[in-house]
Amino acid sequence: MVDAVPTRSPLTGPDGATSADQLHTADAVSAPSVSDRDLPNYLLRFVLLVIAVALCVILSFVVGRFSIGISDVILILLSSVFQFVISLNIPILCDIVQILLSPIVPATEAWDDAMYSVVFNIRLPRILAALLVGAALSTAGAAYQGMFQNPLVSPDILGASAGASFGAALAIYFYLGTGAITIFAFAGGLVAVGAAYAVSRLTRGNTTLSMVLAGILVGSLFTASTSYIKLIADTNDQLPAITYWLMGSLAGATMEDVYFAGVVILLGLVPLFLLRWRMNVLTLGEDEAKSMGINTDLLRLIVIICATFVTAVAVSISGIIGWVGLVIPHFCRMLLGYDYRRVIPAAIIMGGGFLLLVDDFARTIATTEVPLGILTAFVGAPIFAYLLMMGGRRL
Amino acid sequence: MSLEISHLSFAYSRRTRLVLDDVSFSVKKGDLLAVLGPNGVGKSTMFRCILGFLRNYKGSIRLNGKDIRTLDHKEIAKHIAYIPQSTYPVFNYTVLDVILMGTTNQLNLLSVPGQKQIDEAYAAMDNLGITHLRNAGYGEISGGERQLALIARALVQKARILIMDEPTANLDYGNQFRVMCRISGLAQEGYIIILSTHNPDHAFLYANRTLMIYGGKVIADGTPEDVLDAKLIRDVYGMDVHIEECQCGSRHHRLCIPIIGATEKYG
Chain X
1 MVDAVPTRSP
11 LTGPDGATSA
21 DQLHTADAVS
31 APSVSDRDLP
41 NYLLRFVLLV
51 IAVALCVILS
61 FVVGRFSIGI
71 SDVILILLSS
81 VFQFVISLNI
91 PILCDIVQIL
101 LSPIVPATEA
111 WDDAMYSVVF
121 NIRLPRILAA
131 LLVGAALSTA
141 GAAYQGMFQN
151 PLVSPDILGA
161 SAGASFGAAL
171 AIYFYLGTGA
181 ITIFAFAGGL
191 VAVGAAYAVS
201 RLTRGNTTLS
211 MVLAGILVGS
221 LFTASTSYIK
231 LIADTNDQLP
241 AITYWLMGSL
251 AGATMEDVYF
261 AGVVILLGLV
271 PLFLLRWRMN
281 VLTLGEDEAK
291 SMGINTDLLR
301 LIVIICATFV
311 TAVAVSISGI
321 IGWVGLVIPH
331 FCRMLLGYDY
341 RRVIPAAIIM
351 GGGFLLLVDD
361 FARTIATTEV
371 PLGILTAFVG
381 APIFAYLLMM
391 GGRRL
Chain F
1 MSLEISHLSF
11 AYSRRTRLVL
21 DDVSFSVKKG
31 DLLAVLGPNG
41 VGKSTMFRCI
51 LGFLRNYKGS
61 IRLNGKDIRT
71 LDHKEIAKHI
81 AYIPQSTYPV
91 FNYTVLDVIL
101 MGTTNQLNLL
111 SVPGQKQIDE
121 AYAAMDNLGI
131 THLRNAGYGE
141 ISGGERQLAL
151 IARALVQKAR
161 ILIMDEPTAN
171 LDYGNQFRVM
181 CRISGLAQEG
191 YIIILSTHNP
201 DHAFLYANRT
211 LMIYGGKVIA
221 DGTPEDVLDA
231 KLIRDVYGMD
241 VHIEECQCGS
251 RHHRLCIPII
261 GATEKYG
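Taken in sequence, the protein lines are chains X and F.
Numbering-wise (my numbering), the first sequence opens with residue 1 and increments by one.
Numbering-wise (my numbering), the second sequence opens with residue 1 and increments by one.
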């Protein structure tokens, strides 16, 4: 999708002499050489990415309607680390931390309880939720794009979002409460993808194509069911609640959500990270991957299960947030190349950072919260358009 | 190292015609087998059976005496490598990464290629003369270079049987020659090579055996000099040709020359 302009190889070999043995094409003299090109310093780029996201995290504690200075945030966070280590009661570790931190952390608390509460009870869960959801969606997107050999695929290709929406709408319709909305949405996402997978297994022919078609089929069924619930829902409270949920938001993220999502997302991301090399081979397609000794059926199933679990749990705590899963993998490829050994870790870091940044906008640009699903498109589309126009290689 | 195909028959479904009809042949070390035949006669289907992609055929394919159907992909990949037609890739990996993918079979499920695999990839690139392209994007190099990269990938897979689906398709005149020279060099090193081609001259120039498939059947099997004659080519391709023999330096050559003007009555 964002490939560079194809360049030609030169007529001459690396030593400068024309080699009869070497493949060549004509009109090479003016075109830039692809021979003996050095790769960019990917490690440096990755380190810079991690630093940028870390700064983003600290910034996110500071911004918001309740103003807290950056020094207060750092002190509050450090002092809680300090207290946590002391409470562990490991002698040497305690001494080290005491020596390191006592000059910085004042003996008496320089902040009030409100600050502490905002940092720990409101902003921390929200920041963690943004990092988790962003990481989950973009990694699942990268995995699906590779598996379907299609850079236009997003993590809801198999109907995960449509199923989750239906589950959430159902829970709102029956007034089941916020915890149940999360569980219903999660279950809905899994059921939808399971159904799509089952349908695709029952059809003959090209597995990739039948899987995409089954995903569209199941997705439209669930979307129609959601529409029906909206039709019969109470227009005073239920319909706005469903509509707002569908736009996506992290405003209601609690520490319970973070624990639940954290465990599932971690369980899903670890296999995807470990299988990152095999995912490279899977992008070559069914036959080529098999000819290199890969059990494609098993690998596909693992990728689908992991990507579906992380997508479904992300959607269940945040609502529908489009765009992240489609576009962040492309940002990662522009920055770090196409190799999944780098794309997967980069998607985890960059996806989290991007959603965190967008969420900071969501809670600051207007007096009321702006739904994330709207903002990701408003923020992401122009950046992506800009990068495409720059040729995608300048980063 | 042996590969024996006996009485291989295959149809995509019960109602359609047989794509392969009682195909039998075997290859031995150092063979470069050129499979000829018009479009759609079952060459690719036969390759897909040999590679274990298709398993619901009649007859048997034996690799070192073992039925291919009893082996999983990991086991088949140790002995047989597949070199597809070079197509433009979806994701623009570097040439080195593409070649490293051939080492996947040596790695366990969760590991990534290490220095040993990288060294092997460099050795294969040196062998094929494409080391200078290691960091170039696979989508940015020419079709011929891409074909050589795919051959290098097959070499690091360490399989001794290479199956190539029209390795010279979409290559210009010079690149066809250079790719085919590399391939015949590999046959001399002891690899077994089975390739499909649409050019009888390639069979004459490089192959030591040729197989003509027509209507799913093997209608000729032998050295190119013995079996490829004007009558066979007219029967299969519906065109008149003249087989010219010439002495070129120390080598004796045969070439297939279409007779212009005579073809219209078939067309």
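Simulated from the structure, these hints should not be mistaken for laboratory data.
Here the structure is a predicted model, which means the values were calculated and not measured.
There could be a bad hint or two in this list.
As the list claims (entries may be wrong) - 20 Å max Cα-Cα, derived SDA-like pairs, lysine to any residue:
| hint | chain 1 | residue 1 | chain 2 | residue 2 |
| --- | --- | --- | --- | --- |
| 1 | F | Lys-78 | X | Phe-120 |
| 2 | F | Lys-29 | F | Ser-184 |
| 3 | F | Lys-58 | F | Ile-118 |
| 4 | F | Lys-74 | X | Leu-101 |
| 5 | F | Lys-78 | F | Gly-129 |
| 6 | F | Lys-74 | X | Gly-285 |
Unchecked claim - Okay, the calculated bits of chain X under chain F, using three or more residues with CB under 8 Å as the criterion:
| hint | region |
| --- | --- |
| 7 | 129-143 |
| 8 | 234-241 |
Glycine is no exception: its CB is placed at the ideal position from the N, C-alpha and C atoms.
How the hints compare with the structure:
| no. | hint | verdict |
| --- | --- | --- |
| 1 | F:Lys-78 x X:Phe-120 | violated, 56 Å |
| 2 | F:Lys-29 x F:Ser-184 | holds, 13 Å |
| 3 | F:Lys-58 x F:Ile-118 | violated, 41 Å |
| 4 | F:Lys-74 x X:Leu-101 | violated, 55 Å |
| 5 | F:Lys-78 x F:Gly-129 | violated, 24 Å |
| 6 | F:Lys-74 x X:Gly-285 | holds, 16 Å |
| 7 | 129-143 | violated (count 0) |
| 8 | 234-241 | violated (count 0) |
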